[in-house]
Amino acid sequence: NAGVTQTPKFRVLKTGQSMTLLCAQDMNHEYMYWYRQDPGMGLRLIHYSVGEGTTAKGEVPDGYNVSRLKKQNFLLGLESAAPSQTSVYFCASSYRLSSTDTQYFGPGTRLTVL
Amino acid sequence: GQSLEQPSEVTAVEGAIVQINCTYQTSGFYGLSWYQQHDGGAPTFLSYNALDGLEETGRFSSFLSRSDSYGYLLLQELQMKDSASYFCAVIRDDKIIFGKGTRLHILP
Chain A
1 NAGVTQTPKF
11 RVLKTGQSMT
21 LLCAQDMNHE
31 YMYWYRQDPG
41 MGLRLIHYSV
51 GEGTTAKGEV
61 PDGYNVSRLK
71 KQNFLLGLES
81 AAPSQTSVYF
91 CASSYRLSST
101 DTQYFGPGTR
111 LTVL
Chain B
1001 GQSLEQPSEV
1011 TAVEGAIVQI
1021 NCTYQTSGFY
1031 GLSWYQQHDG
1041 GAPTFLSYNA
1051 LDGLEETGRF
1061 SSFLSRSDSY
1071 GYLLLQELQM
1081 KDSASYFCAV
1091 IRDDKIIFGK
1101 GTRLHILP
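Just so you know, the protein sequences line up as chains A and B, in that order.
First residue of the first sequence: 1, per my numbering; consecutive thereafter.
First residue of the second sequence: 1001, per my numbering; consecutive thereafter.
Note that these hints are calculated values from the structure, not bench results.
A couple of the hints might just be wrong.
[Said to hold, decoys possible] Which chain B residues stay away from chain A? Per the calculated CB distances, all over 10 angstroms, these:
1. Q1025
2. A1042
3. K1081
4. I1097
[Claimed, not checked] With a cut-off of at most 25 angstroms between alpha-carbon atoms, the simulated DSS-like pairs for lysine-lysine come out as follows:
5. A:K70 to A:K57
6. A:K14 to A:K70
7. B:K1100 to A:K9
8. A:K71 to B:K1081
9. A:K71 to A:K57
10. B:K1081 to B:K1100
11. B:K1100 to A:K57
12. A:K57 to B:K1095
13. A:K9 to A:K71
14. A:K70 to A:K9
15. B:K1095 to A:K70
Built from N, CA and C at the ideal position, the CB exists for glycine as well.
Could you put the whole structure together from the sequences, leaning on the hints where they help?
Here you go:
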């Protein structure tokens, strides 16, 4: 069981470039989430999905798009990267949200936009 | 909307007890969670309170008072490995919303 994996682990982009972050989970979880973490800001929810083929906006969705074509994968896209998107991105998954179903986080992707 | 307030930093001595408080303002509240994150690592789940009262898991306990919109994480017998950031989070609808985190410093 690999749990939640993220690809890539590090990336440097120039302003205006595009890229896709991949999140994969092998726990058959229904719910998947993308967060960004900035110093002093905690974790902020970008987008999330409650099942294959569904996506929804979180707190800070602007500048990002997501897709959940397969249950095990959740993709985060940056169409035109900006320096303000420099951050650490975490993916998480859970079977559902309750006292017995917690979120499991991936190791993170550190993105720098120059 | 929702907001969570927790202290930015707390310092304690190894072997002691420390309490990290969290106050929240949210509607449609389902429960309060706590996560731990070491430097360079990913957040990991510690505890969850759906109802008022104390939940104990080893050295860690978490408390919730829904009427006061308040909770806390209690860490006992502090060890150096407990040096980390701790986040409270509310579960609402299909989402978890995190606080900004409390950095715990432990002195030998």
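Now for the hints, and whether the structure bears them out:
1. Q1025: holds (15 angstroms)
2. A1042: Incorrect as stated: the minimum Cβ-Cβ distance to chain A is 4 angstroms, not above 10 angstroms.
3. K1081: holds (19 angstroms)
4. I1097: violated (7 angstroms)
5. A:K70 to A:K57: holds (18 angstroms)
6. A:K14 to A:K70: violated (30 angstroms)
7. B:K1100 to A:K9: holds (23 angstroms)
8. A:K71 to B:K1081: violated (36 angstroms)
9. A:K71 to A:K57: With Cα atoms ~18 angstroms apart, K71 (chain A) and K57 (chain A) stay inside 25 angstroms; holds.
10. B:K1081 to B:K1100: Distance ~21 angstroms between K1081 (chain B) and K1100 (chain B) Cα, so the pair holds.
11. B:K1100 to A:K57: Satisfied, since the Cα-Cα distance of roughly 20 angstroms is no more than 25 angstroms.
12. A:K57 to B:K1095: holds (10 angstroms)
13. A:K9 to A:K71: holds (22 angstroms)
14. A:K70 to A:K9: holds (21 angstroms)
15. B:K1095 to A:K70: holds (20 angstroms)
Violated hints for the displayed structure, listed by number in ascending order: 2, 4, 6, 8.
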